[in-house]
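2 protein chains.
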Amino acid sequence: MAPFRWGIIGLGLIGGSIAHRLARQGLPVLGADQDPRTREQARASGIFEDVLDPPALVAAAEGVILATPVGAIEELLRTLPWRPGQVVLDTGSTKRRVVAAMGKLPDGVGAVGGHPMAGRETSGFEAADPDLFVGRPFLLVPTSRTTPEAAARAEELARLLGARPLWMEAETHDRQVAWISHLPYVTAMALVAAVEATGDPALWEIAASGFRDATRVAASDPRMMGEVIRSNADEVVAALEALLRILEAWRAALKASPPSLPPEWPRLAARRRGWSRGA
Amino acid sequence: MAPFRWGIIGLGLIGGSIAHRLARQGLPVLGADQDPRTREQARASGIFEDVLDPPALVAAAEGVILATPVGAIEELLRTLPWRPGQVVLDTGSTKRRVVAAMGKLPDGVGAVGGHPMAGRETSGFEAADPDLFVGRPFLLVPTSRTTPEAAARAEELARLLGARPLWMEAETHDRQVAWISHLPYVTAMALVAAVEATGDPALWEIAASGFRDATRVAASDPRMMGEVIRSNADEVVAALEALLRILEAWRAALKASPPSLPPEWPRLAARRRGWSRGA
Chain H
1 MAPFRWGIIG LGLIGGSIAH RLARQGLPVL GADQDPRTRE QARASGIFED VLDPPALVAA
61 AEGVILATPV GAIEELLRTL PWRPGQVVLD TGSTKRRVVA AMGKLPDGVG AVGGHPMAGR
121 ETSGFEAADP DLFVGRPFLL VPTSRTTPEA AARAEELARL LGARPLWMEA ETHDRQVAWI
181 SHLPYVTAMA LVAAVEATGD PALWEIAASG FRDATRVAAS DPRMMGEVIR SNADEVVAAL
241 EALLRILEAW RAALKASPPS LPPEWPRLAA RRRGWSRGA
Chain E
280 MAPFRWGIIG LGLIGGSIAH RLARQGLPVL GADQDPRTRE QARASGIFED VLDPPALVAA
340 AEGVILATPV GAIEELLRTL PWRPGQVVLD TGSTKRRVVA AMGKLPDGVG AVGGHPMAGR
400 ETSGFEAADP DLFVGRPFLL VPTSRTTPEA AARAEELARL LGARPLWMEA ETHDRQVAWI
460 SHLPYVTAMA LVAAVEATGD PALWEIAASG FRDATRVAAS DPRMMGEVIR SNADEVVAAL
520 EALLRILEAW RAALKASPPS LPPEWPRLAA RRRGWSRGA
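Chains as they are written, first to last, in the numbering used here: chain H, 1 to 279; chain E, 280 to 558.
Simulated from the structure, these hints should not be mistaken for lab results.
Among the hints, a few may not be true.
[Stated by the list, open to error] Rough simulated footprint, nothing fancy, chain H against chain E, three-plus residues with beta-carbon under 8 angstroms: (1) 473-481; (2) 486-497; (3) 515-525.
Remember, it's a predicted structure, so these values are computed and weren't measured experimentally.
Note that beta-carbon positions come from the ideal geometry of N, C-alpha and C, so glycine has one too.
All chains should be modelled from the sequences, with the hints used to inform the complete structure.
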């Protein structure tokens with residue numbers, strides 16, 4: 001039996017890493033990207049069976065992975081020539097809007113929302129890494145178009161990537177990533193903004209590993225991250241308001257005379273130290 | 280001429296790393312630590328000429344490095360048998376209180392405030408690394424007891440560590456580190472607190488590298504960091520209030536209908552990407 005043929009639209013860090021991984025396992029992969037330079041890099045890499053335009057890729061692939069920024073995913077779901085029996089999976093960082101758009105696909109298309117929990121500040125096809133997803137959760141979100149075959153293919157893909165498939169509802173997903181992904185992005189950007197607003201270039205000279213790590217995600221593509229956060233604004237605001245309440249309480253403690261420290265700090269440090277993936 | 284003999288009180292990550300570096304260059308080093316197990320490790324390491332109690336170390340060393348937590352530095356400055364001609368340098372993370380305490384040393388003692396801008400979440404003598412300071416700024420702060428010899432010895436030590444000596448006033452120092460070191464610690468702890476307060480253990484399961492990096496400093500020793508932040512509370516509060524104003528403005532933008540993104544995000548991302556030591 002011929003192996004299942006995936007096609008990937010969007011050959012950045014995520015799409016490129018999936019392609020590399022599948023190709024390394026001898027599986028056929030088709031690719032598409034709107035950027036001519038990326039298409040050239042993809043062709044030169046030799047890992048694609050073919051690099052096509054998106055409609056031709058949809059026509060030729062049994063399963064299609066939409067690995068573009070979140071706004072483009074909705075647009076592609078609306079406009080590409082999907083056909084019954086086809087499997088569609090995306091890799092966008094928020095899921096409610098994508099899942100709603102998948103619900104409007106033609107009957108018989110099997111669609112699953114996806115979000116591999118792996119990332120880097122680097123981006124683009126040249127940063128792709130077949131081992132990017134190893135050991136990481138690959139979040140899978142059911143839609144009104146999720147067929148048994150689509151669910152099985154999505155899980156199989158997650159395992160081919162070395163990841164752990166983990167099913168959850170779109171609402172749960174978007175709430176959870178607001179806390180562990182979008183809120184850290186907002187605070188990292190705010191730290192950069194605060195240091196920048198001092199107007200003191202010496203701060204960048206003396207800043208050490210603590211500032212570097214705390215602001216690392218601020219180096220991510222701001223257009224891509226901005227789109228993600230705007231698509232999840234209600235949940236990001238809820239998380240941000242909780243964070244503001246915590247910081248305001250701590251400010252009051254530090255502003256007291258004499259200054260006092262938040263009594264929960266030792267417990268929080270222990271929680272962070274006890275986190276197995278934290279090192 | 281016999282080489283200058285440094286003695287180090289406090290053999291944790293910082294003191295231990297200085298000791299390793301000096302010993303590797305064939306220089307004599309004395310050590311002291313209040314913890315019996317650390318003293319044993321120090322003796323077993325073979326890098327110390329001798330491991331003594333603090334008064335005996337002060338009597339035997341030409342230069343003394345106080346590498347204890349900030350509260351203990353003040354106590355040691357007040358109580359040890361300092362003698363004229365001796366050089367004293369500390370490595371504490373805030374400088375106004377230490378510099379004030381150095382001003383009360385006996386006449387003729389040459390004292391310089393110091394702060395090597397290097398750190399790790401790991402701690403203790405076993406985490407010491409002779410290359411910890413390489414290429415990093417070693418901040419030096421003048422005191423009313425800074426003699427020409429003490430200044431020259433402090434600069435020489437910084438260079439022996441592979442670091443760049445950089446002089447600044449205590450007030451400038453404490454303001455600058457509030458922004459680039461203490462504020463990132465407070466926000467990292469607040470991110471941990473916010474995630475913990477959701478009561479949802481699944482968040483720790485799916486959290487990826489963004490959350491890991493943003494909260495890495497939260498794994499630092501909370502007693503040590505708490506003491507540092509309390510000793511600099513006024514400057515930390517000023518920085519925290521600036522951060523809160525930024526976050527409140529961004530919350531308002533994200534809460535608008537439709538949500539808008541802070542227009543400065545692309546500029547901030549570019550600033551962070553352009554930071555040479557940020558990778």
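Verification of the hints:
no.: 1; hint: 473-481; result: holds (count 7)
no.: 2; hint: 486-497; result: holds (count 12)
no.: 3; hint: 515-525; result: holds (count 9)
The earlier numbered hints are all upheld by this structure, with none contradicted.
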